[in-house]
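There are 2 protein chains.
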Amino acid sequence: MKICKRCREKEADVVLSTVCFCEPCFIEYFERQVQRAIDGEKLGVQMFSRDSRILMAVSGGKDSMALWNVLNDLGYETCGLHIDLNIDEYSEVSRRVVENFAASKNLDLIVVDLRKEYGKSLMELAMRDACSACGLVKRYLMNKVAYEKGFSVLATGHTLDDECVTLLGNLTRWNLEFLQRQYPILESTHPKLVRKVKPLFRISDEETAAYARIKRLEFVREKCPLASGATSLSYKKVLNELEQRHPSLKKAFYLGFLKNKSLFGKEENFELKTCESCGMPTANVGLCAFCKLLERPKRRHDEKSKVKPLSI
Amino acid sequence: MKICKRCREKEADVVLSTVCFCEPCFIEYFERQVQRAIDGEKLGVQMFSRDSRILMAVSGGKDSMALWNVLNDLGYETCGLHIDLNIDEYSEVSRRVVENFAASKNLDLIVVDLRKEYGKSLMELAMRDACSACGLVKRYLMNKVAYEKGFSVLATGHTLDDECVTLLGNLTRWNLEFLQRQYPILESTHPKLVRKVKPLFRISDEETAAYARIKRLEFVREKCPLASGATSLSYKKVLNELEQRHPSLKKAFYLGFLKNKSLFGKEENFELKTCESCGMPTANVGLCAFCKLLERPKRRHDEKSKVKPLSI
Numbered sequence: 007m008k009i010c011k012r013c014r015e016k017e018a019d020v021v022l023s024t025v026c027f028c029e030p031c032f033i034e035y036f037e038r039q040v041q042r043a044i045d046g047e048k049l050g051v052q053m054f055s056r057d058s059r060i061l062m063a064v065s066g067g068k069d070s071m072a073l074w075n076v077l078n079d080l081g082y083e084t085c086g087l088h089i090d091l092n093i094d095e096y097s098e099v100s101r102r103v104v105e106n107f108a109a110s111k112n113l114d115l116i117v118v119d120l121r122k123e124y125g126k127s128l129m130e131l132a133m134r135d136a137c138s139a140c141g142l143v144k145r146y147l148m149n150k151v152a153y154e155k156g157f158s159v160l161a162t163g164h165t166l167d168d169e170c171v172t173l174l175g176n177l178t179r180w181n182l183e184f185l186q187r188q189y190p191i192l193e194s195t196h197p198k199l200v201r202k203v204k205p206l207f208r209i210s211d212e213e214t215a216a217y218a219r220i221k222r223l224e225f226v227r228e229k230c231p232l233a234s235g236a237t238s239l240s241y242k243k244v245l246n247e248l249e250q251r252h253p254s255l256k257k258a259f260y261l262g263f264l265k266n267k268s269l270f271g272k273e274e275n276f277e278l279k280t281c282e283s284c285g286m287p288t289a290n291v292g293l294c295a296f297c298k299l300l301e302r303p304k305r306r307h308d309e310k311s312k313v314k315p316l317s318i
Numbered sequence: 007m008k009i010c011k012r013c014r015e016k017e018a019d020v021v022l023s024t025v026c027f028c029e030p031c032f033i034e035y036f037e038r039q040v041q042r043a044i045d046g047e048k049l050g051v052q053m054f055s056r057d058s059r060i061l062m063a064v065s066g067g068k069d070s071m072a073l074w075n076v077l078n079d080l081g082y083e084t085c086g087l088h089i090d091l092n093i094d095e096y097s098e099v100s101r102r103v104v105e106n107f108a109a110s111k112n113l114d115l116i117v118v119d120l121r122k123e124y125g126k127s128l129m130e131l132a133m134r135d136a137c138s139a140c141g142l143v144k145r146y147l148m149n150k151v152a153y154e155k156g157f158s159v160l161a162t163g164h165t166l167d168d169e170c171v172t173l174l175g176n177l178t179r180w181n182l183e184f185l186q187r188q189y190p191i192l193e194s195t196h197p198k199l200v201r202k203v204k205p206l207f208r209i210s211d212e213e214t215a216a217y218a219r220i221k222r223l224e225f226v227r228e229k230c231p232l233a234s235g236a237t238s239l240s241y242k243k244v245l246n247e248l249e250q251r252h253p254s255l256k257k258a259f260y261l262g263f264l265k266n267k268s269l270f271g272k273e274e275n276f277e278l279k280t281c282e283s284c285g286m287p288t289a290n291v292g293l294c295a296f297c298k299l300l301e302r303p304k305r306r307h308d309e310k311s312k313v314k315p316l317s318i
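Heads up: the protein sequence lines correspond to chains A and B, in order. According to my numbering, the residues represented by the first sequence are 7 to 318, in order. According to my numbering, the residues represented by the second sequence are 7 to 318, in order.
These aren't lab readings, by the way, just hints derived from the structure by calculation. Treat the hints with care, as some may be off.
[Unchecked claim] Short, incomplete list of chain A residues facing chain B, as computed with Cβ under 8 Å:
id : residue
1  : 182
2  : 184
3  : 232
4  : 263
The model shown is predicted, which means the values in this text are computed figures rather than measured ones. By construction, the Cβ of each residue, glycine as well, lies at the ideal position given by its N, Cα and C atoms.
Model the full structure from these sequences, guided by the hints.
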């Protein structure tokens with residue numbers, strides 16, 4: 007029998023690669039890690055306070071559901087935002103999970119239905135690279151809703167694992183621009199861009215899974231059916247292999263990066279422009295990436311009808 | 007049938023993850039990559055010239071045997087250095103492979119036999135961590151022989167894979183000091199420290215294996231029996247997995263690092279001291295790490311004889 011390394015009394019029934027706790031001690035540890043992140047310990051900047059208007063992005067997966075639950079338990083007032091991407095049954099289940107949780111805890115919830123609002127499902131918009139279109143759509147809509155509804159901060163369920171995957175991808179490609187920008191707090195650099203924060207950056211996927219189990223949270227267990235070949239999965243897999251061989255490697259890797267981030271220089275503060283169509287901030291001249299995506303199926307259709315038949 | 011991507015005529019019988027050549031084109035490609043490294047293309051500093059006195063460190067494995075062969079074929083005059091670590095049959099076979107090659111090509115060879123010279127095999131010296139002791143012993147002896155015999159440069163068979171493993175290990179741990187020092191050319195920073203170069207830094211293990219096969223080089227196929235749990239193996243494995251999913255990742259990772267190396271700052275030029283026992287350069291005050299290692303079994307023996315018997 008393993009003993010909880012915190013209280014040194016009860017049996018440790020949460021045995022993870024780096025921690026070994028009894029259930030009550032694990033929950034205390036988990037909440038404390040999230041609180042430290044929110045309070046900006048080591049980062050030097052608070053993510054939000056108890057007065058902040060917090061929009062919580064919830065996909066229905068274990069990480070965002072764990073974060074929404076812990077924020078609620080820690081006494082923060084949040085409103086959920088769920089984006090229904092209309093990926094068949096997967097989206098239906100996800101939406102139901104999120105709606106059930108909001109109802110059970112009496113929490114506000116905003117749902118944006120992609121097909122209802124923009125006439126297309128994610129698959130109809132994406133055509134080829136679903137994962138990159140999904141990221142784009144989510145980033146755009148999360149910010150738009152946060153801005154239009156007057157929230158001061160947008161919280162996402164990105165975990166230590168997610169951050170490590172991004173970091174390893176950026177390092178193997180030496181993508182300096184992205185390395186400069188990667189941080190648990192992304193400040194607003196435009197009046198229509200809302201501050202983004204990742205309160206789970208100290209917490210691993212393994213830990214959110216244990217938390218969700220203990221708290222009996224309902225969440226979507228299936229992986230997104232469109233993500234089967236996603237690049238990020240290969241990085242996730244190798245990071246898990248390294249973690250198994252070298253426990254705490256992920257934490258050392260990401261926290262070490264944060265400590266040494268200044269090596270990569272400061273992000274250039276280039277001025278964001280305004281999208282000609284929707285009026286939201288964009289790095290592009292003309293249409294923003296989201297409006298371009300919306301235009302794409304239409305453009306493709308127009309181009310197709312222009313093609314001359316081959317003379318035989 | 008795949009066609010050689012270089013001559014676009016012959017069948018490609020060398021099909022690797024990133025290249026696809028016929029045998030003659032592969033050899034040309036291989037030799038050209040090594041020549042580019044030696045000439046210091048992109049590095050801005052030549053590794054050595056045709057007049058340099060080159061000591062070539064040869065373990066008997068495929069990488070060092072491939073390098074020794076290609077240097078010979080490219081017309082460089084080299085003398086081999088083999089360190090016999092007395093790891094049972096593994097060392098016997100390694101030594102025989104190296105001696106056979108030297109004899110067949112009429113090349114000079116220096117063999118340092120650890121037990122004959124210092125009275126101990128590697129295992130007797132290492133006790134616990136054989137891999138780190140092996141690295142220490144080799145680094146020390148390679149430099150000592152190179153210095154004492156008046157060589158201007160020491161060449162080792164470190165490949166792109168070896169460099170990537172070191173780089174990934176240094177990055178996950180954010181070991182800045184080692185990141186500052188990692189480079190295919192290590193200049194002399196002390197009169198008794200010989201310049202070290204890695205002419206295979208652009209060549210993958212997969213490529214040295216193909217080269218060795220085509221050139222029918224004899225080499226030791228067995229892994230060192232002491233290295234089974236080595237840390238480097240877990241990094242090697244995950245890098246191979248990433249390479250398989252993202253071809254050319256290793257090359258992009260390492261060459262990108264070399265391009266961005268200045269981010270990590272310059273190595274501090276701290277003054278090396280001289281070992282009180284052997285007179286070779288060392289960062290330590292008193293004995294160098296090699297002399298300490300030689301002392302260890304003796305010290306342990308002395309300490310053991312000092313232990314008082316327990317009173318019952």
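inquiry  = Of all the hints numbered above, which does this structure not satisfy? Sort the numbers upward.
reply    = 2, 3
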